[in-house]
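Heads up: the sequence lines are chains A and B, in that order. Numbering follows the working numbering, with no gaps: position 142 of the first sequence is 270. Numbering follows the working numbering, with no gaps: position 513 of the second sequence is 536.
Keep in mind that the hints are not guaranteed to be accurate.
Unchecked claim - Capping the alpha-carbon separation at 30 Å, the derived lysine-lysine pairs in BS3-like fashion look like this:
id, chain 1, residue 1, chain 2, residue 2
1, B, Lys273, B, Lys221
2, B, Lys397, B, Lys440
3, B, Lys182, A, Lys274
4, B, Lys209, B, Lys221
5, B, Lys252, B, Lys273
6, A, Lys416, B, Lys182
7, A, Lys272, B, Lys39
8, A, Lys274, B, Lys39
9, A, Lys274, B, Lys85
10, A, Lys534, B, Lys209
11, A, Lys272, B, Lys26
12, B, Lys209, A, Lys416
Stated by the list, open to error - Here are a few chain B residues that sit away from chain A, every Cβ distance over 10 Å (derived from the structure):
id, residue
13, Ser76
14, Arg200
15, Glu326
16, Pro436
17, Arg479
18, Lys529
To be verified - Covered stretches of chain B, going by a simulated chain A footprint (3 or more residues, C-beta under 8 Å):
id, stretch
19, 54-64
20, 87-99
To be clear, the hints were calculated from the coordinates, so they are not data collected in a lab. Glycine included, every Cβ here is placed at the ideal spot set by N, Cα and C.
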Amino acid sequence: MMTNENQPILIQSVAEGMLNLQVDGEVLEIRNELAALRILLESRQTQTVQYADKIYNIAHIDEANFGSVTSKIVFNGILVRRLIRALEQKTGVQDFLRNLPSESADKWEEVPAFLQDAQVLVGQHFVWVLAWELRRLFAIGKDKRKRQEEKVDEYIDHCFSTAKMALQLTNFLLIAALWDKKKQQEGLKLNPAQLEPFFGTRPLTMLEHHQLLTNLVDMLVDNGLELPFEEPDLEADGALSKAVVRLEELCSLNIAYGLAHCHTAEACLADLLVGLPFFNTHHLVTIKRVEYEALRNNSPRYVKDFTILEKKEAREWQRMLKFDHDAPVQSYALLFRNHQRAFNLFPFLMDYHALINERVFQIQLYECREGWRGLRYYNVEQECEQAMYYCDANAEVMEVQTEDQKQALERDIRCDLAIKQLEDAMNTLLGPGHRFVKEAARPSDHFGNI
Amino acid sequence: MRKRYPFPFLDAYERKDQDFFFGRDEEIEQLYQLTQQSNIVLLYGHSGTGKTSLIRCGLANKFRSYDWQDVYVRRGTHLIRSLDRALCEESDGAFDYEDGGDTIADLPQKLEAVYRATFKPLYLIFDQFEELYVLGSRDEQDAFVRIIQDILRREQPVKVILSIREEYLGHLYEFERAVPELLRKKLRVEPMNLERVKTVLLGVSNQPDSNVQLEAGHEAPIAEGIFEKIRGQDKTLHIPLPYLQVFLDKFYLEVTGDQSRQAEAIFTRPTLAAMGDLGDVLRNFLDEQATAISRAQGLPEAEVWRALSPFVTLEGTKEPLSEAQLTARLSDLPTGASARLLQALVQGRILRFSEASQLYEVAHDALAKQIHAKRSDEEIAILEVQRLVKSQTAMKAEAREYFTEKQLLFMEPYLEKLVLGEAEKDWIAESRVRVHHQKEEAQRRQEAELAATQKRLRLVRGLLALALVAVLVAGYLRVLANGQKAAAESATLVANERLLEALQEKAQRLEGEKAQLIRAQAVYQTAGDSILQRETLQTMTEKDSLIQLNAQNIRDAQARQKQQ
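Okay, chain B solo, but in the shape it has when bound (with noise of 0.2 Å):
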């Protein structure tokens, strides 16, 4: 039997490598289950778990031969381009792809042609979902979600399965409202702890096929010693999948050798132990690699991270590029140097191509990670620059803003180490123009309301002076006024006091008249005179009165007296 090398490196397990995919039996299960429930599955976890795997391999080999019918559709340049070519090609012939655009002509036709190429249940599966929301448009992914209504209503069996990082599940948000359904039936894809680690090494060591043993006695703790050395410091609880596959490679050539990956290899302690601290394996690895390439393409270092970084996007994910589009953002190069360097970065297994959608990408998001820590400032900007130009220009034109006079300032220093569109061009040279229109009329505004400015300073002058002459005259009146007060005061006083002199005098004539009608009642009495009596005792009454009233009389004048 001849033995076979086990381990995938950076690409997933597939359906024929079923013989070294261990460790995922619970997942498979519970993935297999949610496609008989529902019509449609969400598989999501952090980059790195093997989530492409799981499908590829774990499920795909969970469904008989006959049950299954996979079609992978990744993004590509265009999510709804991509699927409708892969339908097309999936017919057996009955439609010959044709650039649809955000539509899908004859979609039910299309799916029955692929049902009837092999009377086997559809499966859709859509890998690296995230790549909708991180490089596609609004319009899009609007296009997306109705093509799915669409097929999930269709007769045949069919069924889809997206696949999508954890950090970008928010975003599936206006999906859910469209698709209800969505979220019904997930899957998250855990990474891998010690015990799965155990797992897949023993279970690979234990297989007949694999030309890669571990030590006989010893498998436990080398698979511990592995896990350890590759979580280093940070002691982690898990692993990224990626880490291990390059450790595991890295491993078996420090023990054979062996580029051709033939030879049959004994996983030691001892071997491991003489590795020491490897510190970050990923990183090891692109520097390497980088190295290497730079070495044998003549190029410095430097130009074959330039020329890895326009695969990876600002968030540190893969954008697939074509040869055409990378040789134009690196046009300074000589002529097909970009081609040597991108035959050397897939060979280097840094770089993936696409037979299908003809288009070269980083093999791993773990490995994108790592590219895009390398970028310096001016990368970056560069890279939100472009990104900038082209969501700019990538919206229809009654839609468009034009660039603002902070983004043109922003932009002016790295334009000319973009390449850029004939559209995308013209749209900046539209938007400098309509930046210096603008400026123009804010000057043009501005000198006006200069003049109206002054004009209303001078109108407020005059104003100014007229209300002073009024201050003045008011306070010349006031003053007169106050004058004129103070004597009526005066008057008012002596006026109170001679009333006062007055009411007194009254006071003392009218006490006076109450004593001789006092005395006369006496007289009177003793005369028995009864009605000169009651006519003097009314007199005393009324008199009694008078007296009050003018007592009154006096205390209000003294009020006043005192209050002036």
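Excised from the complex, chain A in its bound form (with noise of 0.2 Å):
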């Protein structure tokens, strides 16, 4: 059958992952990719494609414009969309979905106010470090100021790194299950070549780390250990690991990105943080400082300063102090946890900040080793890298004159500790002789040329 030429391809509606098109008074189905659209104009010999009011010429057409054609909402939607429905379970989402009119039910996220509400509540309900990436991919999509390359550069950058980071956090979590399961039972069977990547001298990639993170969750199974968290899939053909996969080549392209891209990568992401539902379901906690508190013939009390660092029911960041008699996890503890269970991340995951005595919190993700002289972290407020080396700083009692100086050489001291629970971490599940040493001193600091 001809298509008149003059007489463009309707589309009628686009869902997710299909176009409706009229052709000829026929009503069609396709993919909603470009390939699927090119081979049916061919067939039909048309060039031309029309959507709401615009027509489009085929030729002008590719890969980086094609969201746009085929699409009204450009940023967030299909992000926004796919999370409230995988946090469908949360009061405050139903309530958001049962007041929504019938008319706008299906096509909520193209309706800015409607937007608006649902990306609030998607921030309320993931754990800080992904809920604060999340915010800054709502931020670039609303960006009205900026010229739409770089917002388009901006938005597939961050689509990047808020999977990678979901990555990271889950590896995070299962290497410290691992390690503190391996400093209980002996007999656990490790494989240190898988985990060795881990704790090497260059950040992983996201393929690297989906490669990990299957090779974590395989190692606590075959040892008959319960994973912190329910099993996610991460068979090869799963949505997850195809995520990442797309989102890895997407990462390698060296071209530059268009608007299909940006769908592509938040759908990508979409895919993965659906597959790890544990990130609504848990929320961080950084233990500040504890103190010890102790009076003759009773028995001692710790008080615990720790913050939430989600905005949930109290909808703010909460400063806790908790006085009980149970001896703490740890101080400067970063804590993933639920109403069941606490997993300390640190010091894969820290609050910098508490390390140095300020009351709000900096959180950082450990990237890789600096040789055996430090850690390299990134920081996720800053998104930049910062080492933290091995001073060797001397804990023993010592005279202070200034509080300046006190506060420096706790700061040594609590960065010396974190390096060092990365050593034991290491040692622990590589097997020993790994240590961090303090960077040799040049002669002259020990007046060596006197």
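Join the two chains, each given in its own frame, into one complex according to the hints.
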């Protein structure tokens, strides 16, 4: 059947994976992909396609701008819709969905006010690190002043970084669990070669993190250990694995990104976050300080000063003081917890400001070793890598003359503790013999040249 | 590539000026880290050190655009209303501004709306915060502190940055008591020294976008020469930024003569040397502009200065005014003259107009200081009167005090030259009536006091007369008593002499009787009559006692005689 050249193919509606088209009065459904549309147009020997009030020539459509042709929502729509669906069990989300007007129920993400409400809900239900990254994605998507190309690049970059952080956090949880178990049970069978990259001197790629995740899950399962969360679907053809592969492919493309790439990245990120549901059932707690009180003839008690990072029911970063007789997990810990269990992610995830006595938290993610001299961390808020070096600070009784001196000493000692913790994790999981050392002092520092 | 003029003159550097903003890297990093460590940060430094540029350009560019939603708030006519208006404007239509006085209705909801509009952490930046203490009332100051306390308790990521002139730090005492973390994270902005001036000029010169370059190979001497010319004879180690900016603009015009500032310029040593000794560049700039404007407007130069004066406080800081306020103050000028003057002053870059607040203000505090220095004693007196009237009438009726007679006398010669509101006029009139009543009351009280005093005087006189009579009587009686006393003493003397004679006779008699007894004793001894001997001895002992007693009486009588 030939189509009149003057009659473009009409896109009637766009669903997540499908396009509804009207061709010569006939309604067709094809996959929401450029290749599928091209095949259809070729078969109909036409060059133009119309969506809403705009007519596009297929010769001008490529992967980069395909998304803008087929969707009114350019940024955040797919991601937020998918995440809201994954959060359907939450009371606030249920209220949101129940209160949607029926005419908007299918396409609520196209209504700015509903999308905004949904974005707030998503931000409230994810652990702080991911919520902060999602907030960035929402902010980039909403920015009306930025040039489109710049916006696209930033958006895709943050889809990558959010996805990578999700995988990192998951691996931190599993590594921490394995470390603790190995300390308790000598007979665990581990494969150090599979764990070594995590303790290497370069940051892992997303694919490597995914591989590590698979290996860690296998190790725990093979040893009959309970996973800290419900086992995710890590099959190669599963949505999560495919999302990681597609994101990594997108990341390695050496082209100028377009809107279609944004859609791809957004959809992949949604797949990944939906595949790791424990990120919306837990929250992060930073233990800033633990004080010890003991009186004669009374059992001692601990004063735990901690902050819950997420804004949930109380909708604020809650600083709490808890007085109890149970010894704390650890000072300066960063806990990943729900109502039943808590996992200490220190030193892989840490609140650097807890180490330097600052009240506001600053979350950093472990990236890799900095040789044997220290560790490299990623500062989530500042979006930069920072190195922390082993100082071998003396923790014996010593005189301090000023408050600044005390602060500096405490900082050095605590940073050393973090590095020593990682050293212990390495020695436990990879086998003994790993040791961080202070960078050799130059001779002039010790008057060696005099 | 189209080149740009790199100097902002008296304006602050903005986010877009990042390529031309040099010499502040260390302070930008420090300020950035402080904002990461606390939800409230204080930036302070002297006027002309570049505080505003440090935030608007340096800090703003340190953040990624998706992590930085800045809301700049200047006091305008009222800080809380300005903040409220700014939040409403940033709320993406969720709120329309309505004057709420000293409170902000629905503050949490407004903050939430601003956050939802962008999903970026919100930075509330209160620039030139000293205006709250120079121009604001106590109520306004207290209300602002309460609002900041509220904001810091909010759940949204909201941070507060306050920028204040160093000399007003002391005013923050009450604020710090209410918000103890206020001064915990603070940064002092250092003034420009030679090294920084070099960094700025070399940076600008090396920037490909810049249409100003320093003569190749002589960058450092030119930078040093500029620094030397600006500091002049003072030989200070620092120079204020407005002076540098005005100088660089002058230098550019000297080289290119291009008022549109499009032409490319190369700053050379000979051109710099040819500029000669410039004296105070800022004062010269103001004088030149005032002369040019007065010529163009056909007004005496004094009128230009008179128009500028209300824009500066008594302390020499900026005071924003609307066109209507200035027109009212210059009511003697022809219709439309004040509006034309304002336009000319804006074009001359002395004043700046804010679209948001619809207010005009002096382009920089450094200019305000120069304008203040130009004022006559009378102008200063008028401003003092104006401030006095405003400060009294700004208070709530129950707390307001009437002007005293002394204040009214000081104000009287200048009242005609002031444009006062009805409330102010009423308060002055009421004060006059009150002072009049007070004076009448005082006179009445004085007269009553005079009458009472006279009455008291008469009473005192009567009492005095009585006292005199009493004194005379007492004197007479005293004389009389003295006579009687003398007679008594004379009689006593005679009696004493007689007693002495009697005692001496008695002594002789007792001595004679004792001698007789001694003799009788001898006889009884010879006769061997022991009984008589014993009796005689006893009698002699008694005589001795009598003799001694008598001798004592004689001594007493002699002593009395001697005394008399």
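Which of the numbered hints are not met once you compare them with the structure shown? Those not satisfied: there are none.
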